[in-house]
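Sequences listed follow chains A and B, in order.
Each residue of the first sequence is one higher than the one before, counting from 1 in the UniProt record's numbering.
Each residue of the second sequence is one higher than the one before, counting from 1 in the UniProt record's numbering.
Since the hints were made in silico from the structure, they are not lab data.
Glycine residues also receive a C-beta, built at the ideal position from the N, C-alpha and C atoms.
Possibly wrong hints are sitting among the right ones.
Claimed, not checked - Facing chain A, from chain B, some residues (calculated, C-beta under 7 Å):
1) MET89
2) ASN95
3) THR99
4) ARG103
5) GLY109
Unchecked claim - If you only want the chain A side, here are some residues facing chain B, beta carbon under 10 Å, derived:
6) PRO101
7) TYR110
8) ASP154
9) ASN193
10) ALA202
11) ASP271
12) GLY274
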Amino acid sequence: MSTTAPKTRSPRRRLGDLVFSGTTSGAALIILLALAGVAIFLTAKGVPALKATGDDLSGAKNIVSYTAPLVFGTLWAALLALLIATPLSIGVALAVSHYAPRRIATVLGYLIDLLAAVPSVVYGLWGSLFLAPRLVPSYSWLGDHAHWLPLFSDNSSATGRTIFTAAIVLAIMVLPIITAISREIFAQTPRLNEEAALALGATRWEMVRLSVFPYARSGIVSAVMLGLGRAMGETMAVAMVLSASGVVTFDLNSSTNPSTIAANIALKFADATGLRVNALIFTGLVLFVITFVVNFIARAIVSRADRRLAA
Amino acid sequence: MAKSIDVSDLNIYYGDFLAVEGVNMTIPARSVTALIGPSGCGKSTFLRSLNRMHEVIPGARVEGKVVVDGQSMYDPAVDPVEVRRQIGMVFQRPNPFPTMSIRDNVLAGLRLNNKKLKKADADDVVERSLQGANLWNEVKDRLGKPGMGLSGGQQQRLCIARAIAVQPQVLLMDEPCSALDPISTSAVEDLIHELKTDYTIVIVTHNMQQAARVSEDTAFFNLAGAGKPGRLVEMNPTKKIFSVPDQEATEAYISGRFG
Ligand SMILES: Nc1ncnc2c1ncn2[C@@H]1O[C@H](COP(=O)(O)OP(=O)(O)O)[C@@H](O)[C@H]1O
Ligand SMILES: [Mg+2]
């Protein structure tokens with residue numbers, strides 16, 4: 001009996017394997033096709049913009065000088081957002097995983113997750129109507145007293161709708177992603193490694209530095225990169241908050257601000273015709289490529305860190 | 001620097017669960033004391049209460065006294081971090097810091113105590129500790145390599161080197177050989193023999209031959225019954241425990257007639 005049983009069962013199992021591997025490779029194929037489709041569409045519709053000039057490009061000489069300031073604004077806003085969000089997220093994640101009493105930690109984790117569920121327009125409204133006006137005094141103080149620093153201009157914004165305000169809003173929007181992933185990884189730190197530090201007489205913070213951070217390093221990088229992707233692609237909130245004029249400047253409090261690719265598309269797409277549409281799609285293609293490159297770099301960093309660990 | 005430990009009326013809890021009850025024992029200085037007993041009887045729990053590692057588990061707490069050299073470990077004024085710096089611990093599974101080199105692993109505890117360490121002093125500590133852990137000759141040419149690259153037995157000796165680098169008064173070991181092969185086990189046992197001239201050592205082992213080989217005194221823990229807390233049944237010189245124990249339960253356990 002026992003020798004025949006596997007024989008009668010095996011065809012069914014093979015069918016299961018077949019269905020499963022069929023579904024997974026099918027899903028993988030669909031994702032690849034979708035990505036390829038997007039890339040082909042963006043390229044096909046974007047390439048005509050190479051011929052665009054002046055009128056179709058809001059006065060820019062050619063598509064490169066049209067796109068470059070937008071790329072700058074996209075990267076600058078995302079970088080600022082990450083500078084704010086990363087330490088905050090890691091702090092909150094640590095509080096949830098290692099510091100707060102369990103009940104408070106659960107509530108805190110839940111609240112952070114809730115932030116992720118708020119629609120971008122709500123952040124846009126909050127940023128432009130609530131946050132921006134309240135930042136005006138600080139911006140004008142910085143304009144008066146700190147304009148000799150390269151990050152501040154003496155021409156400070158009267159509305160508060162600067163790139164820095166947009167970055168704050170972006171930071172709050174990427175906080176839940178970075179926090180959720182970091183929290184997950186912090187909580188997975190092997191008990192063994194934590195106790196190694198504690199038994200040596202490490203304080204809780206020293207234990208975090210000795211055991212938790214080294215273990216979580218590559219995970220934090222991935223979390224931040226995911227946040228970066230989100231920050232670069234965020235559209236509505238930036239479009240609503242930022243008062244953009246397409247300049248290239250590092251000033252955080254200025255009345256003239258760079259725009260971002262996504263926000264620029266959102267603001268101009270509805271009224272665009274002809275080559276203007278192609279120009280916008282071209283910038284979309286550039287954003288697509290940047291996102292790819294960022295992810296690629298992130299993976300390279302992570303795998304190098306893992307290799308070093310394994311060596 | 002070796003100190004004796006006096007334990008009186010120690011009850012150890014996990015939340016409301018009383019895991020170990022009413023332990024009274026004196027652990028002599030510069031000597032090896034073995035803790036034996038069936039699994040789940042609270043040996044690890046008791047060991048971890050000696051350097052206040054027990055309380056790092058949420059809800060875990062202790063009643064009673066542990067006195068090391070006249071100083072009460074559970075006095076409210078005593079900082080548990082300070083206690084752990086003076087009472088080192090080696091775990092069942094080797095746990096070197098995975099991202100650190102061999103050298104940095106040895107220095108980890110010292111760097112917590114004293115941030116600014118001169119390179120020459122650090123070199124001395126690394127060599128002395130690794131010599132002390134019988135590992136120096138095997139790793140002296142690759143101190144900069146990751147500690148995780150060593151074999152299990154070497155990793156465990158690295159953990160011992162890390163623990164003795166801070167010159168603790170007491171060294172606690174929780175089944176330090178249970179994850180090791182026989183050759184590494186004998187290397188660690190030899191090491192324990194050498195270390196007892198400088199340290200007070202408490203070692204948990206499930207291996208009675210090991211207890212007989214390495215220890216001066218042996219404490220036998222047992223469960224009073226299923227669901228009941230673990231208790232200290234008997235503590236005596238190892239020779240006596242393994243020949244003419246006072247308690248019948250001890251006799252039954254060491255002769256394998258357990259149950
Ligand atoms: N982290 C923990 N939380 C709750 N109970 C625990 C924990 N660790 C151990 N115990 C319980 O405490 C008792 C003693 O366990 P332990 O000290 O590990 O025994 P031993 O080391 O002698 O095998 C057991 O009943 C065990 O289930
Ligand atoms: Mg145990």
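Taking the hints in turn, this is what the structure says about them:
1. MET89: holds, 4 Å
2. ASN95: holds, 4 Å
3. THR99: Because about 4 Å separates THR99 of chain B from the closest Cβ in chain A, which is inside the 7 Å limit, the hint holds.
4. ARG103: violated, 15 Å
5. GLY109: holds, 4 Å
6. PRO101: With Cβ-Cβ at 9 Å, under 10 Å, it holds.
7. TYR110: violated, 19 Å
8. ASP154: Result: violated, 43 Å to nearest chain B Cβ.
9. ASN193: holds, 6 Å
10. ALA202: Because about 6 Å separates ALA202 of chain A from the closest Cβ in chain B, which is inside the 10 Å limit, the hint holds.
11. ASP271: Violated, because the Cβ-Cβ distance from ASP271 of chain A to chain B comes to roughly 54 Å (cut-off 10 Å).
12. GLY274: violated, 56 Å
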